[in-house]
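Enquirer: Chain residues, written in single-letter form:
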Amino acid sequence: MSFEDLALPLFDQLYNFAHWLTQDKTEAEDLVQETYAKALRGFSSFQAGTNFRAWIYRILRNSFLSSRTGLKTTVVLEEEGGEGLPAVNTTPESLLIEQANREMVQQALAELPLPFREILLLCEVEEMSYQEIAETLAIPMGTVMSRLFRARQAMRSVLREKIDGGRHGV
Amino acid sequence: MACEEWRKKLDGYVDGELPPAEAAMLGAHLRGCAGCAADVLERVQLKRSVHVAGKRYEPSVELRSKITKSIAARSPGRIARRWEFVLIPALVLLVAAFLLNSYLEREQASRQRVYSELADLHVTTMASATLVDVVSSDRHTVKPWFQGKIPFTFNLPELPGSEFSLVGGRVAYLEQTPGAHLIYQIRKHEISVFIFPDRDGEMRSLPTEVSHAVSFNVETWTQNGLRYFVVGDASVEDIVALSKLLRDAG
Numbered sequence: 003m004s005f006e007d008l009a010l011p012l013f014d015q016l017y018n019f020a021h022w023l024t025q026d027k028t029e030a031e032d033l034v035q036e037t038y039a040k041a042l043r044g045f046s047s048f049q050a051g052t053n054f055r056a057w058i059y060r061i062l063r064n065s066f067l068s069s070r071t072g073l074k075t076t077v078v079l080e081e082e083g084g085e086g087l088p089a090v091n092t093t094p095e096s097l098l099i100e101q102a103n104r105e106m107v108q109q110a111l112a113e114l115p116l117p118f119r120e121i122l123l124l125c126e127v128e129e130m131s132y133q134e135i136a137e138t139l140a141i142p143m144g145t146v147m148s149r150l151f152r153a154r155q156a157m158r159s160v161l162r163e164k165i166d167g168g169r170h171g172v
Numbered sequence: 004m005a006c007e008e009w010r011k012k013l014d015g016y017v018d019g020e021l022p023p024a025e026a027a028m029l030g031a032h033l034r035g036c037a038g039c040a041a042d043v044l045e046r047v048q049l050k051r052s053v054h055v056a057g058k059r060y061e062p063s064v065e066l067r068s069k070i071t072k073s074i075a076a077r078s079p080g081r082i083a084r085r086w087e088f089v090l091i092p093a094l095v096l097l098v099a100a101f102l103l104n105s106y107l108e109r110e111q112a113s114r115q116r117v118y119s120e121l122a123d124l125h126v127t128t129m130a131s132a133t134l135v136d137v138v139s140s141d142r143h144t145v146k147p148w149f150q151g152k153i154p155f156t157f158n159l160p161e162l163p164g165s166e167f168s169l170v171g172g173r174v175a176y177l178e179q180t181p182g183a184h185l186i187y188q189i190r191k192h193e194i195s196v197f198i199f200p201d202r203d204g205e206m207r208s209l210p211t212e213v214s215h216a217v218s219f220n221v222e223t224w225t226q227n228g229l230r231y232f233v234v235g236d237a238s239v240e241d242i243v244a245l246s247k248l249l250r251d252a253g
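Chains B and P, in that order, are what the protein sequence lines are. So my numbering is basically just the index in the first sequence, starting at one, shifted up by 2. So my numbering is basically just the index in the second sequence, starting at one, shifted up by 3.
Because the hints were derived from the structure by calculation, they are not lab data. Take the hints with a grain of salt, since some may be wrong.
Unchecked claim - Under the rule of at most 25 Å between Cα atoms (straight-line distance), these lysine to aspartate or glutamate pairs were calculated in the DMTMM-like manner:
| # | chain 1 | residue 1 | chain 2 | residue 2 |
| --- | --- | --- | --- | --- |
| 1 | P | Lys-69 | B | Glu-31 |
| 2 | P | Lys-72 | B | Asp-7 |
| 3 | B | Lys-40 | P | Glu-65 |
| 4 | P | Lys-72 | B | Glu-113 |
| 5 | P | Lys-12 | B | Asp-26 |
| 6 | P | Lys-50 | P | Glu-25 |
| 7 | P | Lys-50 | B | Glu-36 |
| 8 | P | Lys-50 | B | Glu-134 |
| 9 | P | Lys-152 | P | Asp-201 |
| 10 | P | Lys-69 | B | Glu-134 |
| 11 | P | Lys-58 | B | Glu-134 |
| 12 | P | Lys-72 | B | Asp-32 |
| 13 | P | Lys-58 | B | Asp-32 |
| 14 | P | Lys-50 | B | Asp-32 |
| 15 | P | Lys-72 | B | Glu-29 |
| 16 | P | Lys-146 | P | Glu-178 |
| 17 | P | Lys-11 | B | Glu-6 |
| 18 | P | Lys-72 | B | Glu-134 |
| 19 | P | Lys-69 | B | Glu-163 |
| 20 | B | Lys-164 | B | Glu-134 |
| 21 | P | Lys-12 | B | Glu-105 |
| 22 | P | Lys-69 | B | Glu-6 |
| 23 | B | Lys-27 | P | Asp-141 |
| 24 | P | Lys-50 | B | Asp-7 |
| 25 | P | Lys-247 | B | Asp-14 |
| 26 | B | Lys-74 | B | Glu-6 |
| 27 | P | Lys-191 | P | Asp-141 |
| 28 | P | Lys-72 | B | Glu-163 |
| 29 | B | Lys-40 | P | Asp-201 |
| 30 | P | Lys-69 | B | Glu-137 |
Claimed, not checked - Residues of chain P clear of chain B, computed beta-carbon distances all greater than 10 Å:
| # | residue |
| --- | --- |
| 31 | Ala-24 |
| 32 | Gln-48 |
| 33 | Glu-61 |
| 34 | Ile-74 |
| 35 | Thr-156 |
Ideal Cβ positions, reconstructed from N, Cα and C, are used throughout, including at glycine.
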């Protein structure tokens with residue numbers, strides 16, 4: 003398949019992901035353009051049969067991390083273990099999620115630290131498998147699972163604050 | 004398995020990452036465990052909420068157009084150039100080979116035609132009752148005889164001390180062009196020498212070495228705008244020797 007056939011269908015998603023990372027329209031556009039330019043230049047090094055989506059998302063993410071905004075927003079997470087995810091009873095959150103509207107979820111997502119935001123976007127929006135996420139973020143599978151768990155916990159926490167804040171505000 | 008253990012696998016379950024057998028066992032557990040089922044429900048709700056909320060930004064038409072154009076400008080070009088590297092030289096070679104082949108075939112056919120005509124002329128002359136129109140062994144007689152009959156002049160060699168003798172001459176036509184047809188003799192072998200104007204060098208492609216064509220030995224060359232053909236059933240050595248005499252005289 004040609005580069006065009008592989009890359010163009012991902013344009014909308016790549017832009018969405020870029021905008022979530024940069025939180026800025028102009029920067030997102032620059033990032034997407036840079037990603038396509040880099041991917042096109044490096045397409046000869048892409049190995050056919052491997053995951054093109056993970057490959058181009060990794061280019062986008064690396065480009066972002068090395069950009070001015072990316073360098074500023076990078077958050078170093080505490081060491082993540084792959085095993086032994088804490089078992090928590092999240093039943094009370096069920097009602098909370100129901101109360102959260104779309105805008106609130108978007109705000110919560112935007113407030114999450116970058117590593118949590120990006121892994122949630124890759125898993126829930128891009129619907130990538132753990133393996134694809136591991137390839138995109140260049141982290142082990144175990145780290146994918148633990149980071150995803152922590153990202154969801156963080157999301158719940160932010161949502162709770164927003165809902166609680168909304169209640170207090172009324 | 005206790006609920007606590009199952010709950011560690013709930014993320015994997017809602018993400019579709021559990022092995023099928025394990026997912027089936029967990030599914031069976033969920034049907035009997037309200038707590039775990041509620042937990043799964045919450046996770047699915049969160050997934051769905053983030054899925055919907057995450058699809059937030061749409062690229063502008065301008066950006067789409069810019070990206071599409073930049074890819075179209077470089078990607079197909081790259082592909083085309085890749086093909087160019089292979090296809091164009093291949094096509095050029097193919098066309099060149101075809102043209103060369105056609106050219107060689109045409110040349111071969113043309114050469115064959117010329118040799119055939121000359122062989123016919125030689126044979127017809129040998130079979131004719133009047134071998135030549137000007138009968139003389141004196142080149143000073145034969146050469147002037149052609150004046151006004153052919154549109155060029157030529158030199159003939161002196162033959163003293165040689166085994167060759169000039170029998171005479173006649174006018175011959177090759178492809179509607181008049182030329183000189185001289186008959187030489189050596190040890191009872193008649194050799195025809197044809198001299199034609201080589202207009203535009205069109206006969207230059209003919210080989211200059213002696214070739215055994217149409218049952219005769221033929222040597223041909225171009226000299227001073229004239230094409231010489233030495234045709235006969237004499238030996239190659241004799242043909243070469245007579246050709247040399249003619250060359251030296253020309």
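Enquirer: Decide, hint by hint, whether the structure agrees.
Expert: Cross-check of the supplied hints:
1. For the proposed pair Lys-69 (chain P) and Glu-31 (chain B), the alpha carbon gap of about 10 Å is at most 25 Å, so the pair holds.
2. With a C-alpha separation of about 14 Å, the suggested pairing of Lys-72 (chain P) with Asp-7 (chain B) holds against the 25 Å cut-off.
3. For the suggested pair Lys-40 (chain B) and Glu-65 (chain P), the alpha carbons sit about 20 Å apart, so the restraint of at most 25 Å is met.
4. At most 25 Å may separate the alpha-carbon atoms for a hinted pair to count; Lys-72 (chain P) and Glu-113 (chain B) exceed this at roughly 35 Å.
5. A threshold of 25 Å between alpha carbons decides the hint, and for Lys-12 (chain P) with Asp-26 (chain B) the separation of about 36 Å lies outside it, so the pair is violated.
6. For a cut-off of 25 Å, the pair hint linking Lys-50 (chain P) to Glu-25 (chain P) stands: about 21 Å separates their Cα positions.
7. Between the alpha carbons of Lys-50 (chain P) and Glu-36 (chain B) the distance comes to roughly 30 Å, so the proposed pair goes past 25 Å and is violated.
8. For the suggested pair Lys-50 (chain P) and Glu-134 (chain B), the alpha carbons sit about 18 Å apart, so the restraint of at most 25 Å is met.
9. Between the alpha carbons of Lys-152 (chain P) and Asp-201 (chain P) the distance comes to roughly 17 Å, so the proposed pair stays at or under 25 Å and holds.
10. A C-alpha spacing of about 28 Å is found between Lys-69 (chain P) and Glu-134 (chain B), which places the hinted pair above 25 Å, so the restraint is violated.
11. Our distance criterion of 25 Å between C-alpha atoms is met by Lys-58 (chain P) and Glu-134 (chain B), whose separation comes to about 19 Å.
12. Note on Lys-72 (chain P) and Asp-32 (chain B): the hinted pairing holds, with a Cα-Cα distance of about 15 Å set against a maximum of 25 Å.
13. Between Lys-58 (chain P) and Asp-32 (chain B) the CA atoms are separated by roughly 19 Å; this keeps the pair inside 25 Å, and the hint holds.
14. With a C-alpha separation of about 29 Å, the suggested pair Lys-50 (chain P) and Asp-32 (chain B) falls outside the 25 Å cut-off, and the hint is violated.
15. Note on Lys-72 (chain P) and Glu-29 (chain B): the hinted pairing holds, with a Cα-Cα distance of about 20 Å set against a maximum of 25 Å.
16. At roughly 22 Å between alpha-carbon atoms, Lys-146 (chain P) and Glu-178 (chain P) fall within 25 Å of each other, so this suggested pair holds.
17. Of the pairs offered as hints, the one joining Lys-11 (chain P) and Glu-6 (chain B) is violated, with about 41 Å between alpha carbons and a cut-off of 25 Å exceeded.
18. Proximity of Lys-72 (chain P) to Glu-134 (chain B) is assessed by CA-CA distance (about 29 Å); at most 25 Å being required, the pair is judged violated.
19. For the suggested pair Lys-69 (chain P) and Glu-163 (chain B), the alpha carbons sit about 41 Å apart, so the restraint of at most 25 Å is broken.
20. For the proposed pair Lys-164 (chain B) and Glu-134 (chain B), the alpha carbon gap of about 32 Å is over 25 Å, so the pair is violated.
21. Only pairs whose Cα atoms come within 25 Å are accepted, and Lys-12 (chain P) paired with Glu-105 (chain B) is rejected, the gap being roughly 30 Å.
22. For the suggested pair Lys-69 (chain P) and Glu-6 (chain B), the alpha carbons sit about 13 Å apart, so the restraint of at most 25 Å is met.
23. With a C-alpha separation of about 105 Å, the suggested pair Lys-27 (chain B) and Asp-141 (chain P) falls outside the 25 Å cut-off, and the hint is violated.
24. Of the supplied pair hints, the one linking Lys-50 (chain P) and Asp-7 (chain B) is violated, its CA atoms being roughly 30 Å apart against a limit of 25 Å.
25. Between Lys-247 (chain P) and Asp-14 (chain B) the CA atoms are separated by roughly 85 Å; this puts the pair beyond 25 Å, and the hint is violated.
26. Straight-line distance between C-alpha atoms of Lys-74 (chain B) and Glu-6 (chain B) comes to about 33 Å, which puts the hinted pair past the 25 Å bound.
27. For the hint pairing Lys-191 (chain P) with Asp-141 (chain P), the CA-to-CA distance comes to about 18 Å; that is within 25 Å, so the pair holds.
28. With a CA separation close to 45 Å, the supplied pair Lys-72 (chain P) and Glu-163 (chain B) exceeds the 25 Å bound.
29. A C-alpha spacing of about 65 Å is found between Lys-40 (chain B) and Asp-201 (chain P), which places the hinted pair above 25 Å, so the restraint is violated.
30. Only pairs whose Cα atoms come within 25 Å are accepted, and Lys-69 (chain P) paired with Glu-137 (chain B) is rejected, the gap being roughly 28 Å.
31. Against chain B, the non-interface label of Ala-24 (chain P) holds: every CB pair exceeds 10 Å, the least being about 18 Å.
32. Annotated as non-interface, Gln-48 (chain P) brings its C-beta within 10 Å of a C-beta of chain B; the closest such distance is 4 Å.
33. The Cβ of Glu-61 (chain P) sits about 7 Å from the closest Cβ of chain B, inside the 10 Å cut-off, so the non-interface label is violated.
34. With a least CB separation of 5 Å from chain B, Ile-74 (chain P) falls inside the 10 Å interface cut-off, contrary to its annotation.
35. Annotated as non-interface, Thr-156 (chain P) keeps its C-beta farther than 10 Å from every C-beta of chain B; the closest such distance is 71 Å.
Hints 4, 5, 7, 10, 14, 17, 18, 19, 20, 21, 23, 24, 25, 26, 28, 29, 30, 32, 33 and 34 from the earlier list are contradicted by this structure; the remaining hints agree with it.
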